[in-house]
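Colleague: Residue 773 is where the sequence shown starts when you use this note's numbering, and the numbers rise one by one after that.
Note that these hints are calculated values from the structure, not bench results. A portion of the hints provided could be inaccurate.
Label-pair distances were calculated between CB atoms; the ranges are [unchecked claim]: (1) L974 / G918: 34 to 42 Å; (2) R960 / A1021: 17 to 25 Å; (3) L978 / D850: 21 to 29 Å; (4) A981 / P900: 35 to 43 Å; (5) P1003 / W858: 25 to 33 Å; (6) G977 / P917: 17 to 25 Å; (7) R983 / P1025: 18 to 26 Å; (8) P883 / W858: 21 to 29 Å.
We put the beta carbon where it would ideally sit given N, CA and C, even for glycine.
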Amino acid sequence: MACRTRPAESDAAYNTRVDRLLEATARAERDHFWFRGFRRFVSPLIARAAAGRTGLRLLDCGCGTGTNLRLLLEPCGDAWGFDLTWTGLRFARGAGLTRVAQASAAAVPYPSACFDIVTSFDVLYCLPDEVERHAVREMWRVLKPGGAAIVNVAAMEILRGSHSVLSAELRRYSRSSLRALLEQAGFRVERITYTNATLFPLMLGLRGAQRVVGLAQESEAGGEISVPPAPLNAALSALLAAEARIVRAVPMPFGSSLLCLARKPA
773 MACRTRPAES DAAYNTRVDR LLEATARAER DHFWFRGFRR FVSPLIARAA
823 AGRTGLRLLD CGCGTGTNLR LLLEPCGDAW GFDLTWTGLR FARGAGLTRV
873 AQASAAAVPY PSACFDIVTS FDVLYCLPDE VERHAVREMW RVLKPGGAAI
923 VNVAAMEILR GSHSVLSAEL RRYSRSSLRA LLEQAGFRVE RITYTNATLF
973 PLMLGLRGAQ RVVGLAQESE AGGEISVPPA PLNAALSALL AAEARIVRAV
1023 PMPFGSSLLC LARKPA
(Lines of atoms letter the chains of each structure in order from A and count residues from 1; the text may use other names and numbers.)
(Lines give C-alpha, C1' and ligand atoms only; values in the text may rest on other atoms or scores of the structure.)
Protein backbone atom coordinates (compact mmCIF):
# COMPACT_ATOMS: atom_id res chain seq x y z
CA MET A 1 0.00 0.00 0.00
CA ALA A 2 1.72 3.13 -1.19
CA CYS A 3 1.14 6.57 -2.61
CA ARG A 4 -0.84 6.23 -5.84
CA THR A 5 -0.30 9.53 -7.59
CA ARG A 6 2.87 11.45 -8.11
CA PRO A 7 3.90 14.18 -5.61
CA ALA A 8 6.14 17.12 -6.48
CA GLU A 9 9.50 15.35 -6.85
CA SER A 10 11.67 14.07 -9.66
CA ASP A 11 10.61 10.93 -11.48
CA ALA A 12 13.76 9.12 -10.36
CA ALA A 13 13.30 10.05 -6.69
CA TYR A 14 9.62 9.13 -6.79
CA ASN A 15 10.21 5.77 -8.43
CA THR A 16 13.02 4.90 -6.03
CA ARG A 17 10.93 5.75 -2.96
CA VAL A 18 7.83 3.89 -4.09
CA ASP A 19 9.84 0.88 -5.21
CA ARG A 20 11.43 0.66 -1.75
CA LEU A 21 8.05 0.89 -0.06
CA LEU A 22 6.41 -1.75 -2.26
CA GLU A 23 9.35 -4.13 -2.02
CA ALA A 24 9.34 -3.82 1.79
CA THR A 25 5.56 -4.33 1.80
CA ALA A 26 5.77 -7.41 -0.42
CA ARG A 27 8.28 -9.01 1.97
CA ALA A 28 6.20 -8.28 5.06
CA GLU A 29 2.48 -8.29 4.30
CA ARG A 30 1.86 -12.02 4.67
CA ASP A 31 3.28 -12.31 8.21
CA HIS A 32 3.72 -8.83 9.73
CA PHE A 33 1.44 -8.21 12.71
CA TRP A 34 0.18 -4.90 11.26
CA PHE A 35 -0.97 -6.48 7.99
CA ARG A 36 -2.53 -9.41 9.80
CA GLY A 37 -4.42 -7.01 12.02
CA PHE A 38 -5.43 -4.85 9.07
CA ARG A 39 -7.06 -7.81 7.33
CA ARG A 40 -8.93 -8.75 10.51
CA PHE A 41 -10.26 -5.20 10.84
CA VAL A 42 -11.28 -4.86 7.19
CA SER A 43 -12.84 -8.27 6.56
CA PRO A 44 -16.03 -7.62 8.61
CA LEU A 45 -16.65 -4.35 6.75
CA ILE A 46 -16.30 -6.08 3.38
CA ALA A 47 -18.73 -8.75 4.58
CA ARG A 48 -21.14 -6.03 5.74
CA ALA A 49 -20.88 -4.25 2.39
CA ALA A 50 -21.43 -7.50 0.48
CA ALA A 51 -24.42 -8.40 2.69
CA GLY A 52 -24.28 -12.05 1.71
CA ARG A 53 -24.27 -11.37 -2.02
CA THR A 54 -21.87 -13.09 -4.40
CA GLY A 55 -20.70 -12.27 -7.90
CA LEU A 56 -20.03 -8.64 -6.99
CA ARG A 57 -17.73 -6.27 -8.88
CA LEU A 58 -15.02 -4.82 -6.65
CA LEU A 59 -12.26 -2.28 -7.24
CA ASP A 60 -9.16 -1.56 -5.14
CA CYS A 61 -7.88 1.97 -5.81
CA GLY A 62 -4.14 1.74 -5.32
CA CYS A 63 -3.81 -2.03 -5.16
CA GLY A 64 -0.05 -2.09 -4.60
CA THR A 65 1.19 -5.69 -4.69
CA GLY A 66 -2.35 -7.03 -5.16
CA THR A 67 -2.42 -9.01 -1.91
CA ASN A 68 -5.66 -7.39 -0.77
CA LEU A 69 -7.32 -8.21 -4.10
CA ARG A 70 -6.58 -11.88 -3.58
CA LEU A 71 -7.24 -12.20 0.16
CA LEU A 72 -10.00 -9.65 0.83
CA LEU A 73 -11.90 -8.88 -2.38
CA GLU A 74 -11.86 -11.91 -4.67
CA PRO A 75 -13.91 -14.08 -2.24
CA CYS A 76 -16.83 -11.69 -2.88
CA GLY A 77 -16.71 -11.69 -6.65
CA ASP A 78 -14.67 -10.27 -9.52
CA ALA A 79 -11.97 -7.89 -8.25
CA TRP A 80 -10.10 -5.28 -10.26
CA GLY A 81 -7.25 -3.07 -9.11
CA PHE A 82 -5.00 -0.30 -10.33
CA ASP A 83 -1.80 1.31 -9.15
CA LEU A 84 0.37 4.11 -10.47
CA THR A 85 3.61 2.17 -10.05
CA TRP A 86 4.73 -0.67 -12.27
CA THR A 87 6.59 -2.24 -9.34
CA GLY A 88 3.35 -2.97 -7.52
CA LEU A 89 1.72 -4.32 -10.66
CA ARG A 90 4.71 -6.57 -11.30
CA PHE A 91 4.18 -8.21 -7.91
CA ALA A 92 0.44 -8.50 -8.60
CA ARG A 93 0.91 -10.08 -12.02
CA GLY A 94 3.57 -12.39 -10.61
CA ALA A 95 0.92 -13.66 -8.17
CA GLY A 96 -1.38 -14.48 -11.09
CA LEU A 97 -3.64 -11.41 -10.89
CA THR A 98 -4.71 -10.23 -14.32
CA ARG A 99 -7.39 -7.61 -13.65
CA VAL A 100 -4.87 -4.90 -12.76
CA ALA A 101 -4.04 -1.68 -14.59
CA GLN A 102 -1.60 1.21 -14.29
CA ALA A 103 -3.46 4.42 -13.45
CA SER A 104 -3.80 7.32 -11.02
CA ALA A 105 -6.37 7.53 -8.23
CA ALA A 106 -7.34 10.91 -9.65
CA ALA A 107 -8.29 9.42 -13.03
CA VAL A 108 -9.84 5.99 -12.48
CA PRO A 109 -9.92 4.13 -15.83
CA TYR A 110 -13.34 2.51 -15.43
CA PRO A 111 -16.88 3.57 -16.39
CA SER A 112 -19.23 5.30 -13.98
CA ALA A 113 -21.51 3.27 -11.70
CA CYS A 114 -19.95 -0.11 -12.50
CA PHE A 115 -18.69 -1.39 -9.11
CA ASP A 116 -20.54 -2.65 -6.03
CA ILE A 117 -17.64 -2.09 -3.61
CA VAL A 118 -14.67 0.26 -3.94
CA THR A 119 -11.72 0.23 -1.53
CA SER A 120 -8.85 2.61 -0.80
CA PHE A 121 -6.28 1.27 1.65
CA ASP A 122 -3.61 3.69 2.88
CA VAL A 123 -3.59 5.84 -0.23
CA LEU A 124 -5.36 9.13 0.49
CA TYR A 125 -2.94 10.42 3.11
CA CYS A 126 -0.11 10.83 0.60
CA LEU A 127 -2.11 12.73 -2.02
CA PRO A 128 -1.98 16.54 -2.32
CA ASP A 129 -5.19 18.19 -1.14
CA GLU A 130 -6.85 18.70 -4.52
CA VAL A 131 -5.84 15.25 -5.77
CA GLU A 132 -7.15 13.70 -2.54
CA ARG A 133 -10.56 15.28 -3.06
CA HIS A 134 -10.62 14.29 -6.71
CA ALA A 135 -9.70 10.69 -5.84
CA VAL A 136 -12.68 10.48 -3.48
CA ARG A 137 -14.96 11.91 -6.15
CA GLU A 138 -13.66 9.26 -8.56
CA MET A 139 -14.53 6.53 -6.05
CA TRP A 140 -18.04 7.99 -5.89
CA ARG A 141 -18.28 8.09 -9.68
CA VAL A 142 -17.42 4.44 -10.33
CA LEU A 143 -19.69 3.11 -7.54
CA LYS A 144 -23.19 1.95 -8.32
CA PRO A 145 -25.98 3.71 -6.40
CA GLY A 146 -26.19 1.96 -3.05
CA GLY A 147 -22.58 0.75 -3.40
CA ALA A 148 -20.07 0.85 -0.56
CA ALA A 149 -16.65 2.45 -0.18
CA ILE A 150 -14.20 1.12 2.41
CA VAL A 151 -11.34 3.48 3.27
CA ASN A 152 -8.33 3.04 5.54
CA VAL A 153 -5.99 5.96 6.33
CA ALA A 154 -3.25 6.92 8.77
CA ALA A 155 -4.62 8.65 11.88
CA MET A 156 -3.56 11.10 14.60
CA GLU A 157 -0.77 13.58 13.86
CA ILE A 158 0.83 12.73 17.19
CA LEU A 159 1.77 9.35 15.70
CA ARG A 160 3.84 10.73 12.84
CA GLY A 161 7.17 8.90 12.77
CA SER A 162 9.84 7.30 10.58
CA HIS A 163 7.25 5.25 8.70
CA SER A 164 5.83 8.58 7.49
CA VAL A 165 9.07 9.22 5.59
CA LEU A 166 8.89 6.11 3.44
CA SER A 167 5.16 6.42 2.75
CA ALA A 168 5.43 10.18 2.06
CA GLU A 169 2.59 11.11 4.41
CA LEU A 170 1.12 14.54 3.78
CA ARG A 171 -1.44 14.26 6.58
CA ARG A 172 -2.88 11.98 9.23
CA TYR A 173 -6.64 12.05 9.76
CA SER A 174 -9.04 12.51 12.62
CA ARG A 175 -12.50 10.98 12.69
CA SER A 176 -14.04 14.36 11.83
CA SER A 177 -11.67 15.18 8.96
CA LEU A 178 -12.17 11.81 7.25
CA ARG A 179 -15.93 12.01 7.68
CA ALA A 180 -15.97 15.53 6.21
CA LEU A 181 -13.87 14.46 3.21
CA LEU A 182 -16.24 11.61 2.35
CA GLU A 183 -19.46 13.49 3.03
CA GLN A 184 -18.36 16.41 0.85
CA ALA A 185 -18.17 13.96 -2.05
CA GLY A 186 -21.72 12.76 -1.33
CA PHE A 187 -21.04 9.62 0.70
CA ARG A 188 -23.07 8.67 3.77
CA VAL A 189 -20.77 7.35 6.51
CA GLU A 190 -22.16 4.15 8.07
CA ARG A 191 -19.28 3.17 10.33
CA ILE A 192 -15.99 4.78 11.30
CA THR A 193 -13.48 3.64 13.90
CA TYR A 194 -9.87 4.00 14.86
CA THR A 195 -7.87 0.77 14.81
CA ASN A 196 -4.61 -0.43 16.37
CA ALA A 197 -5.72 1.12 19.65
CA THR A 198 -4.10 -1.70 21.65
CA LEU A 199 -0.72 -0.67 20.23
CA PHE A 200 -1.25 3.04 20.81
CA PRO A 201 0.92 3.40 23.97
CA LEU A 202 3.80 1.56 22.30
CA MET A 203 3.56 3.60 19.09
CA LEU A 204 3.15 6.88 20.98
CA GLY A 205 6.40 6.31 22.85
CA LEU A 206 8.33 4.95 19.87
CA ARG A 207 7.27 7.60 17.37
CA GLY A 208 7.66 10.38 19.91
CA ALA A 209 11.24 9.25 20.43
CA GLN A 210 11.79 9.14 16.67
CA ARG A 211 10.71 12.76 16.33
CA VAL A 212 13.02 13.80 19.18
CA VAL A 213 16.15 12.14 17.76
CA GLY A 214 15.18 12.78 14.13
CA LEU A 215 13.17 10.72 11.68
CA ALA A 216 14.94 8.02 9.68
CA GLN A 217 16.31 8.77 6.26
CA GLU A 218 14.29 7.40 3.38
CA SER A 219 16.88 4.68 2.68
CA GLU A 220 16.59 3.46 6.30
CA ALA A 221 12.84 3.77 6.79
CA GLY A 222 12.12 0.37 5.22
CA GLY A 223 12.97 -1.14 8.59
CA GLU A 224 9.63 0.18 9.80
CA ILE A 225 7.91 -2.53 7.73
CA SER A 226 10.22 -5.45 8.50
CA VAL A 227 8.71 -8.39 10.38
CA PRO A 228 9.70 -8.33 14.09
CA PRO A 229 11.18 -11.40 15.83
CA ALA A 230 8.65 -14.25 15.88
CA PRO A 231 7.67 -14.09 19.59
CA LEU A 232 7.06 -10.33 19.45
CA ASN A 233 5.25 -10.56 16.12
CA ALA A 234 2.99 -13.31 17.49
CA ALA A 235 2.20 -11.31 20.65
CA LEU A 236 1.33 -8.15 18.70
CA SER A 237 -0.75 -10.18 16.23
CA ALA A 238 -2.71 -11.65 19.15
CA LEU A 239 -3.37 -8.16 20.57
CA LEU A 240 -4.75 -6.93 17.25
CA ALA A 241 -6.84 -10.10 16.80
CA ALA A 242 -8.47 -9.43 20.18
CA GLU A 243 -9.04 -5.78 19.29
CA ALA A 244 -10.60 -6.75 15.96
CA ARG A 245 -13.23 -8.78 17.78
CA ILE A 246 -14.05 -5.79 20.02
CA VAL A 247 -14.13 -3.31 17.13
CA ARG A 248 -16.95 -5.26 15.49
CA ALA A 249 -19.21 -4.01 18.29
CA VAL A 250 -17.50 -0.94 19.77
CA PRO A 251 -15.64 1.74 17.78
CA MET A 252 -12.21 2.60 19.18
CA PRO A 253 -11.69 6.21 20.37
CA PHE A 254 -8.05 6.40 19.21
CA GLY A 255 -5.49 4.45 17.21
CA SER A 256 -2.91 4.70 14.44
CA SER A 257 -5.40 4.12 11.60
CA LEU A 258 -8.94 5.12 10.72
CA LEU A 259 -11.23 2.63 9.00
CA CYS A 260 -14.50 3.73 7.43
CA LEU A 261 -17.44 2.18 5.60
CA ALA A 262 -19.38 4.73 3.56
CA ARG A 263 -22.30 4.34 1.18
CA LYS A 264 -23.31 6.03 -2.06
CA PRO A 265 -27.02 6.70 -1.50
CA ALA A 266 -29.41 4.78 -3.71
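Colleague: Indicate, hint by hint, whether the structure satisfies it.
Modeller: Tested hints:
1. At about 40 Å, the CB distance of L974 to G918 agrees with the hint of 34 to 42 Å.
2. With their beta carbons about 21 Å apart, R960 and A1021 fall inside the hinted range of 17 to 25 Å.
3. Evaluation of the 21 to 29 Å hint for L978 and D850 yields a failure: the beta carbon distance comes to about 40 Å.
4. The hinted window of 35 to 43 Å between A981 and P900 is violated, with their beta carbons roughly 29 Å apart.
5. Between P1003 and W858 the C-beta distance comes to about 37 Å, which lies outside the given range of 25 to 33 Å.
6. For the hinted restraint 17 to 25 Å between G977 and P917, the CB-CB distance of approximately 46 Å leaves it violated.
7. With their beta carbons about 23 Å apart, R983 and P1025 fall inside the hinted range of 18 to 26 Å.
8. Look at P883 against W858: about 24 Å separates their beta carbons, and that is inside 21 to 29 Å.
Checked against the numbered hints listed earlier, the structure breaks hints 3, 4, 5 and 6; every other hint is satisfied.
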